[in-house]
Structures are given as structure tokens and as C-alpha cells.
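In the order they appear, the protein sequences are chains A and B.
Each residue of the first sequence is one higher than the last, beginning at 1 in the numbering used here.
Each residue of the second sequence is one higher than the last, beginning at 339 in the numbering used here.
The set of hints was computed from the structure by calculation and includes no laboratory data.
Just to be clear, a hint being listed does not mean it is correct.
The following label-pair restraints were derived from C-beta to C-beta distances [claimed, not checked]:
1. A:Q324 x B:R484: 57 to 63 Å
2. B:N592 x A:R165: 53 to 59 Å
3. B:G603 x A:P161: 38 to 44 Å
One-sided and incomplete, this derived list gives chain B residues near chain A with beta-carbon spacing under 8 Å [unchecked claim]:
4. T346
5. R373
6. R470
7. L602
8. E628
We put the beta carbon where it would ideally sit given N, CA and C, even for glycine.
2 protein chains.
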Amino acid sequence: MPVGTKGTVKGLTPAEVRGAGAGVVLGNTYHLYLRPGTELVRDAGGLHGFTGWKGPMLTDSGGYQVFSLSDTRRLSEEGVEFASVYDGSRHVFTPELTTRAQEDLGADIAMVLDECPPADASREYHAASLQRTARWAERSREAHTRRDQAMFGIVQGGLFPDLRRESLRLTTELDFPGYAVGGLSIGESRAEMLEVVSYTAAALPAEKPRYFMGIGDPVGVLQVIGLGVDMFDCVLPTRLARHGAALTPGGRLNLKNARHRRDLGPLDPECRCEACAGYSRAYLAHLVREDELLGHRLVTLHNVHFMGELCRRAREEIRAGSFQEWSEAWVSRYTGGR
Amino acid sequence: MPVGTKGTVKGLTPAEVRGAGAGVVLGNTYHLYLRPGTELVRDAGGLHGFTGWKGPMLTDSGGYQVFSLSDTRRLSEEGVEFASVYDGSRHVFTPELTTRAQEDLGADIAMVLDECPPADASREYHAASLQRTARWAERSREAHTRRDQAMFGIVQGGLFPDLRRESLRLTTELDFPGYAVGGLSIGESRAEMLEVVSYTAAALPAEKPRYFMGIGDPVGVLQVIGLGVDMFDCVLPTRLARHGAALTPGGRLNLKNARHRRDLGPLDPECRCEACAGYSRAYLAHLVREDELLGHRLVTLHNVHFMGELCRRAREEIRAGSFQEWSEAWVSRYTGGR
């Protein structure tokens, strides 16, 4: 899922995002609630009407941003009070409010409000926090009225297997149509992250979508797919693009590197996106160096296309029963080419 | 002619520029000479090959930028030495060098190197300067070898009718296939500018294109067309767009204005560009306020489309013999709506 933080996958039109093979676009409730306001989006026909994206869409609850963007939040059983990253104004997110906000945004999938404890939180903190997250999940579900919108639960519990198990038990008892693994990609090692995903994804209901929140590097994506994850989102592919870094089968390629300056070949000869089909590395490198909008746009298009193609291929290999083998060869080429 | 300063009309692909009705795209030799270098562009097949723009293209000689961007230039009969706006490195532009650079860039139309005296230069300064510009024009023509590229002369002479006449005489003696009126839009009043354009355009050969360098506001464009000008360029429509200002039949519209925040209608109901057909004012206003790339891109597309449509209509009215009447009504609506 490419991330359309503020109602746009930065630089691209909905038609381009669709053409790049993206299945679901993610919107951030935190940002859209503050700017331009979820009521305005509702009046414009929800995010679909407001942004022109016709495909499936998911909104997070805003919880992650509250806990990652604000230093001065105040947490209580009722909800969490925080200062807006835009203007410092104070707001309170409760399960009821973020559910209502997401109903106004009108995405196809909404998320419960959860607490995201910091990476260094203690076992005791996590144990209490996951109980509150479960109570918030129940309140989110109770507040949820839209029949045309699914709501997913979120499993927390840090890096503690028994706490993950407990959070999973409490969350699945509420019988959501899909579940996310939350609270990862926040500073733990890749091995720790994969271990948690491994036993959590395996314990989640097999017939319901499993969503890993916040992974977007190609290797990580293949690793979590291998562990049974069906959905994931990350700003990485689009953010990298704006810094001039392109994803290619041979690894991450920095277009600001001097060796691309006179390279008249395509960015990625195996790619069929507009950036690779229509322009040379030398031209893209020039645009990126000059901080030209078209450069950000074309490299973003390529990276979203690259991830879409990677996932399309992964689905194909899963169906053919050859995912593991293909995935290992793919990762070896990607990491060897760096 | 939309301006593609550094080899891109900021934010747009060549196909979009074409679709917006642009006839000719302008490239700036000053910028392209310094970054990425005209030899690299030559090796990539000229600006057409490098940027992917298939239509007609014009490059200026870089003279205007040397005189407007650099404070520490040193002018001599040979040429002009200046400090790069990018890194302060010293360079010398001579008629021979800018001709060669433009041959490397490979546009369909190149310009002679001219001196652009400051707005407050004296009559004596202008009188001497236009003589040098004429000598530089001759040297540019002598250095010019590409048979598939036209080279235009430039008339200088400030706001002095007799000096303009003298510059025009010297320049047309060299028998270029087209002529530009230079040295305007640099601080003089609109009335002074129109007066110079009026008598200069009228005295230029009627069978050859007349190019006014540096006008892009819709009213000014219609005024100079009315005086016999065939070609003009300006960064205004694209620069305005990046500041959130859209051109509409009712005048310039600032999308940051609070009254557009909840307006779910199109930016310009009479326009058929992608921005007006696919998005609401409220969405565009949101993108512009959030400084989103897609906002800059869509408003740029609209403004280029708006100017293309204005010129298409102007050609139609000229052919129908109704230009003057139509133009006055158009200007009255545009200025009345502000």
C-alpha cells in the first residue's frame, strides 16, 4: 500500500498510482483530521471523492502519529491528548473520535485506535498497555456504524511472546474481519521484528487478512510475506524517491551518484514504468540534482511501480508454490548488487 | 512558449505540455550550459533527446541571465565574464560560445548573444551597447553552422525610438529568419513597454516571426499580439502555479485564499484540463496549502493549458478578423473579475 499521507501519494495522480500496480492506498487520519479536516473530506464524498482515487483505501487510526510525532501527549483511559504537529493546538483522540473520523474519511478499511508504546518501554508497561489497547479496540468496534467499511484490530505486546499472545487473544475475541501486527519497525532489530511477526502472524486466523504496519523496503516486504503477511504499508519507496534513490533489481540506486551523470541508458532496463521507458538515467540524475519537481515525480512513479511489480510477482510465485525459492534468489540479487 | 528553464517545464512531462496546447518550449542556455552541461545534452541527442520533448523548441543565448543573475560581470568587446549562480565559478560567454552551446542543445531556434543594459542605463550607454549587440549578432551568425536550426536577431535600444530604429536597421541588415524585441519587461512601465513594442514590431519585416522576450501575463500577451507579436515566453504562468495562483477567465485566483477551502466545484468550469476535470477547488486548495507536489503539478498544468487555450483562441479570432473586439472583451472580464 503506497502511503497517501495527506490525501495524495506525493507527486502522483490516482491514475498513475493505479497504473503502477498499487492495490490499496493508505491515508493518515492524524494528518487529514488536522488538515483539511475529516468533515470537509466527508462532504467531498470521502477520500475517494476528495482525492479521485477509485480503488481500495485504508486509513490508520492516527494513533501511531500521536505517539511518534508528539512529545507532550497525555494518555488516559479515555484517550490521548496531543499537540498538533502543524500549529501546536491541543486535540484529544478517543476510540470513538478516530472511528468517527475514519467513517467520515470513508476508506474501505478503518483501524481501531491503539497505543503504540515506545521501543524502550518495559514489560510492565506493555502488559498494561495491551489491555488498554484491547479496551480501546472494543470501544472502536462499538462506535463503528458504517456497514460498507471494514474495521481491523491491532495486536500489540512489544517483543514479548506471551504478551503478544495475550494481545492476540483479546483482539481476536472481538472478531474483527482483519488484524494488524502493530508496534514494530520502531527501533528493534530486524531479527527481533521478524521473530515477532513470525509467531504473531502464524497465530492469527488464516482466513482473514494479516496486515503488518510499517514495512516498505523490498527485502523486508518479501520476508514478512514469507511469514504469512498479506498487507503492508510504508512511506519508504516514495520518500526515498524524493531523495533521489531508486529501487532496482540490483539494489537501491542513488541518482545523485556521479556515475549516473552521463549514463544515457534507462534507470532500470527491466522496468516498464514511464520513468524507465521515457527517460535516461542522465536526465533523471539531472532533474534530481536540480531538485526539479519532475524528478521527484518520475522516481516516485518508478518506486511505486517497482513495489507493485514485486508484489504482483510474489502473488504469482505463491500460487505456483515457488515463493520461497524465488524470494531467496531475488533478495540475493538485490543485496549483492549494492 | 512555456519555459523549461533547466530542461523541464517544472513538474510536467513533455506529453502533458503538448496536451496543454503549447507550441514551442523554451530552454535557458545559461542554466543548461552550467548544469548539466551542453556537451552532455548534445551527446543525449540535444534537448529533444535529453528531455523527451518532440515539438519545436527555442533556446535563448543566456545573455539575459548573465545580466540579470550576476552582479560581478565584466563586459568587453570579446564577450561577458560572469560568476555562476550555482557555485560562483567564473565563465565567459562570447557570441561564438553561446552559438556553439545552442548548436549542442539543438533547439529549432537559437538566439544571438546580446547585451541587456539595466533599466536605468543612460541614452549614451544604450547607443554604444546596441552597436556592440549588432557586432555580436554578426559574430553569432558567422559562428552558426547548423542548417537545421534557425537563428533569430534581437533588437535593443531601451526606451529610445531612434535607438530602437538604429538597432532594428543594423539587425535586419544581417537578414535573420526571425527577430526578437529584447530589453523590455525589466522595470519600465507597461505603457512604456507597449509603446516600444508598437513601433518596433511595426517596423520589423512582416513575413518573419516577431518574438517578444519575456511576457506571460494574459493581458500583456493579448496586448502584444494586438501589436503584431507572434511569439512570447515567460515563466509567469508556471511560477504563479507553484505559488498556488491559477489563471482563470475571471482573473488570477489565489488557491490559498480561505474562500476556496470548502469549494467543491472545479477550479475553472470552462477549462478542460486534467486539474479542472478531475479535482475540486477544495482538493487543489488543500494540496497547495500543504505544499504537495501534486498541487504544484496540477496548477502548473492548468496555467500552461490556460495560456495555450488563450493563444489558440487568439489565432482563431485573428483569422476571423475579430481579434481586437474579442481581446477587449476578454481583458475586461479578466480584469473585472479580480
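Okay, the hints, checked on the actual structure:
1. The supplied range of 57 to 63 Å is met by A:Q324 and B:R484, whose beta-carbon atoms lie about 59 Å from each other.
2. Checked against the given bound of 53 to 59 Å, the beta carbons of B:N592 and A:R165, roughly 56 Å apart, stay inside it.
3. Our hint of 38 to 44 Å for B:G603 and A:P161 is violated, since their Cβ atoms are close to 55 Å apart.
4. A distance limit of 8 Å between C-beta atoms decides the matter here; for B:T346 the minimum to chain A is near 5 Å, and the interface restraint holds.
5. Interface restraint check for B:R373: the shortest CB-CB distance to chain A comes to about 6 Å, inside 8 Å, so the restraint holds.
6. Annotation: B:R470 was flagged as interfacial toward chain A, and the flag is violated, the nearest CB pair being 32 Å apart, outside 8 Å.
7. For B:L602, the interface hint holds, since its Cβ comes within 8 Å of a Cβ in chain A; the closest pair sits about 6 Å apart.
8. With its C-beta approaching chain A no nearer than about 5 Å, B:E628 sits inside the 8 Å limit, and its interface hint holds.
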